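Colleague: Take a look at the letters that make up each chain.
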Amino acid sequence: MQLLKNAWDGWLSVTDDGKLMAILLAIILFYYFTKNQVKEHLLFRYTTVMTVLCILPVSAAVFMAYQTRFYGYQWIWTYVPVTAFIAFGGTVFLCDFWEDCKRERIQKAVVTAGLLAALLMCGRMGNAKWNVESVKQPLTAVENLLSEIVRDSAEPVCLWGPEEVVEYARSVRGDIELFYGRNMWDKSLNAYSYDTYPEEKEVCYQWMIYAQDWGGLENSVNIVGEKIFFNGVECIRTAVKDGVNVICLPGRMTEETLEVFESELGMTFVRYGEWLVWIAQKIN
Amino acid sequence: MEFLMCLLIPGAAYVLGKAVLRVLYGKKEKLTRQDNFIVGGIVIIGLAQVANILVAFLGRTLSFGTKIFLVAFVACTVAAIAVLFCVRSKDKRIAFTPGHQVLYIIFGLLVILQAAYIVAGMPVYLGGDMTMETVQSFLTTDAAYTVNPMTGQPYELGIPSRLKLLCLPTLYAMLSSAFGVEAINMVWVLAPVFTLFGFYLVYSILAQVLFPENRKRRICFLLLVALLVWVGDYMLSVDGFDLLHAGYRGVSIRGAVLVPYTISLVLRKRWKPVLLCVLAEACIVWTLYGMGACLAVAVLLMVTEKVINGYKRRMGGKEDAVCNS
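Chains A and B, in that order, are what the protein sequence lines are.
Mapping of the first sequence onto my numbering: residues 2 to 285, in sequence order.
Mapping of the second sequence onto my numbering: residues 654 to 978, in sequence order.
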């Protein structure tokens with residue numbers, strides 16, 4: 002039943018994000034109801050059968066089970082040659098239309114331009130709806146800082162910081178260890194490992210999000226009906242106890258919060274670009 | 654070194670693919686030059702898989718795996734040249750006939766634009782993927798899966814063996830180490846560009862299969878494919894998005910290269926290379942005990958053809974050839 006539900010939800014999601022499925026269905030229907038050679042081609046028959054099977058929840062659920070539950074619904078569309086068939090149908094239509102002697106050249110040009118414009122409007126032209134990151138814009142300040150610390154440090158650097166900092170650090174430098182990695186917020190990555198994070202780290206992550214948004218010391222948040230209380234001082238203690246020797250905090254931390262860290266933990270954070278950084282004495 | 658790699662890998666892939674197809678089909682092979690590149694690419698994946706097993710399962714270092722990979726790569730390329738020398742055949746030289754130049758130029762510009770978009774912007778979709786971190790951890794530790802790629806700290810419970818079998822991170826790490834290419838450029842730039850060119854090679858084969866006698870239709874087909882790559886740039890699993898934002902992933906190589914290539918092989922009734930596609934997919938994507946999309950597509954295409962031909966026979970009609978040519 003869960004697979005069936007996923008199959009139905011998946012179809013809604015696939016058709017929400019873009020219009021290629023609509024173009025595919027339109028071309029299938031066009032050739033199905035008109036007299037032509039495309040209908041006789043194996044590619045047309047295969048695409049038609051597979052499209053129907055991928056849309057129907059029961060057969061879609063079978064495909065999902067076959068591709069292993071590791072993958073979501075959208076991947077069963079790998080079995081359907083969407084790009085190849087749309088290009089095939091479009092080519093036959095446009096070329097037949099241009100070879101039709103009864104039509105004027107201007108009429109052909111206008112129809113072709115209109116169809117191409119309609120096709121282009123079905124997409125997003127390099128402006129993907131899914132979150133794409135341009136990794137060409139590195140967090141220069143963080144990169145320079147990390148290079149310096151790693152160069153001068155005799156022991157491995159273990160870093161804790163906001164999402165973009167830890168994500169970037171681990172992507173560009175394999176020699177930096179993290180308090181927690183990208184799988185803390187991208188849960189799908191947990192499928193790659195049997196390891197899980199203890200609750201204290203989850204709490205620390207929640208505080209880091211709060212610090213990034215508000216720069217404050219303590220607050221609470223409701224997660225799955227449970228109220229989690231977090232305090233910056235406790236979170237930093239947990240992190241240091243766990244081996245963290247470099248902490249990078251968002252630049253918007255309030256002066257009061259930083260003073261608390263200094264008085265209660267004896268930690269002085271130094272501004273580095275848009276970040277506030279603490280480096281343990283032993284590697285400093 | 655990056656430039657050398659960009660010349661060496663496709664060049665060796667061409668020779669390897671040509672030799673494998675010569676062995677499979679003898680002198681009378683009727684496959685295209687593009688087939689050589691694709692089959693050669695699959696052979697390189699196979700070599701990487703051997704090195705991956707040594708590193709990930711037998712506990713050898715990445716440097717050792719890289720040496721074995723390079724030795725095997727050179728040995729296979731030399732053997733391929735020897736095979737081609739011994740089993741020579743007269744290549745049909747296909748002369749470039751003029752016509753539709755404007756369409757070819759527009760197509761070329763679209764492909765270059767897409768490659769430039771990948772190289773210049775590095776617009777990567779990171780969701781659900783840890784290839785980059787895995788390659789970095791391999792290079793740092795000179796071993797495979799000894800530390801959790803997400804944190805760089807030792808694993809507590811480990812990772813599933815089926816994941817260790819996937820050879821792409823090892824291949825990227827080996828190429829990065831052998832050619833002195835930064836891992837970030839190897840994974841997020843060069844690999845997606847190779848996948849993009851693989852995609853267009855496969856679609857040019859499909860164009861020849863679908864429109865064997867009509868060059869104008871072939872270039873129209875390729876033009877529409879290039880436009881569809883831009884149009885399909887909206888979600889993972891759609892060719893456009895996979896190619897422009899995740900071309901280094903196994904699922905992207907499968908969806909953009911292996912599956913359409915399998916379709917082209919079945920349409921041409923060339924069954925032996927289908928097995929290579931199935932094996933390559935098992936090496937780069939998590940499949941159901943080796944049964945992945947390539948096998949399913951080949952079987953379902955064959956079943957569709959048999960069912961329809963059987964139906965036509967019963968109705969007293971003429972059977973269809975698989976390919977219109």
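Fair warning: there could be bad hints in the mix.
[Claimed, not checked] Calculated lysine-lysine pairs in the DSS-like style (CA-CA distance at most 27 Å, straight line):
(1) B:K720 with B:K817
(2) A:K40 with B:K959
(3) A:K20 with A:K103
(4) A:K36 with B:K959
(5) A:K20 with A:K6
(6) A:K40 with B:K817
(7) B:K959 with A:K109
(8) B:K965 with A:K36
Rather than coming from a laboratory, the hints here were simulated on the basis of the structure.
The model shown is predicted, which means the values in this text are computed figures rather than measured ones.
Colleague: Which hint numbers doesn't this structure obey?
Modeller: Numbers 3, 6, 7, in rising order.
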